[in-house]
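Asks: Listed here are the chains, written in short residue letters.
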Amino acid sequence: QQQVKQSPQSLIVQKGGISIINCAYENTAFDYFPWYQQFPGKGPALLIAIRPDVSEKKEGRFTISFNKSAKQFSLHIMDSQPGDSATYFCAAYNTDKLIFGTGTRLQVFP
Amino acid sequence: NAGVTQTPKFRILKIGQSMTLQCTQDMNHNYMYWYRQDPGMGLKLIYYSVGAGITDKGEVPNGYNVSRSTTEDFPLRLELAAPSQTSVYFCASSRTDFEAFFGQGTRLTVV
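Line order of the protein sequences matches chains A and B. Counting from 2, one number per residue, gives the positions in the first sequence under my numbering. Counting from 1348, one number per residue, gives the positions in the second sequence under my numbering.
Keep in mind that the hints were calculated from the coordinates and are not lab data. Hints may be right or wrong, so weigh each one.
[Said to hold, decoys possible] If you want the footprint, here are the derived chain B segments under chain A, 3+ residues with CB under 8 Å: (1) 1369-1375; (2) 1380-1390.
[Said to hold, decoys possible] Simulated restraints, written as ranges between beta carbons of each label pair: (3) A:77 <-> B:1416: 41 to 49 Å; (4) B:1404 <-> A:6: 37 to 45 Å; (5) B:1410 <-> A:4: 38 to 46 Å; (6) B:1431 <-> A:13: 15 to 23 Å; (7) A:30 <-> B:1400: 42 to 50 Å; (8) B:1365 <-> A:32: 17 to 25 Å.
No residue lacks a Cβ here, since even glycine has one placed at the ideal position from N, Cα and C.
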């Protein structure tokens, strides 16, 4: 199975709150899990990525948590800001293919 | 450094017409991808290439064709356009499985 399932479809968070987006996969051959951020009218851009040999990776306010046994990974945005309002995609990589989730539209209100 | 450049940015096609979406990158990346983005459906992989002369089908290849004669260029061909091909198309390139760089997209409407 090449699918990557992402939830929720949309998320509304107040400024300063924590945004959490979840993804799940079936194919255990996936070996690289990036998150992309997309602003309206723009192409997606890499935000943060993780390999399955680590359980957590943090870059500034953004953290990926990875649960290999459950085949799940999530993006946490701490101290969410209005400038974080965008669509977020999780993705998984296997044998030259980068497969994306369905996306989460995040809105952060002041 | 231009990165990944897609042309055109917008296009309206009539049913049955054909067109080529152009994609070029100046980062000397071996890997190139074509995706389509539909509301609520995320990004679906159409075709990809791991190097000049090598292409392979992705998740949704029907109705499309690609070629990769050079490292820089990866055009996507639509033959006999159908309304179901109305979408935003993104081209991307990467060095290996690391960071994929995306173009600005081509918004295509088939009427």
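Asks: Between residue 1404 (chain B) and residue 6 (chain A), does the beta-carbon spacing fit 37 to 45 Å?
Replies: Cβ of residue 1404 (chain B) to Cβ of residue 6 (chain A): about 22 Å, so the range 37 to 45 Å is violated.
Asks: Between the beta carbons of residue 30 (chain A) and residue 1400 (chain B), is the distance compatible with 42 to 50 Å?
Replies: violated, 26 Å
Asks: Check, residue by residue, whether the segment 1380-1390 of chain B contains three or more positions whose beta-carbon lies closer than 8 Å to a beta-carbon of chain A, and give the verdict.
Replies: holds (count 6)
Asks: Could you check the hint for me, namely that residue 1431 (chain B) and residue 13 (chain A) are 15 to 23 Å apart, CB to CB?
Replies: The hinted range 15 to 23 Å is violated for residue 1431 (chain B) and residue 13 (chain A), with Cβ atoms some 32 Å apart.
Asks: Return holds or violated for the Cβ distance of residue 1365 (chain B) and residue 32 (chain A) against the range 17 to 25 Å.
Replies: 38 Å Cβ-Cβ, so the 17 to 25 Å window is violated.
Asks: With respect to the beta-carbon atoms only, verify the hint that residue 1410 (chain B) and residue 4 (chain A) lie 38 to 46 Å apart.
Replies: violated, 21 Å
Asks: Would you say the segment 1369-1375 of chain B counts as covered by chain A, given the rule of at least 3 residues with C-beta under 8 Å?
Replies: violated (count 0)
Asks: Could you check the hint for me, namely that residue 77 (chain A) and residue 1416 (chain B) are 41 to 49 Å apart, CB to CB?
Replies: Once the Cβ atoms are compared, 44 Å apart, the range 41 to 49 Å for residue 1416 (chain B) and residue 77 (chain A) holds.
When each numbered hint is compared with the structure, violations occur for hints 1, 4, 5, 6, 7 and 8.
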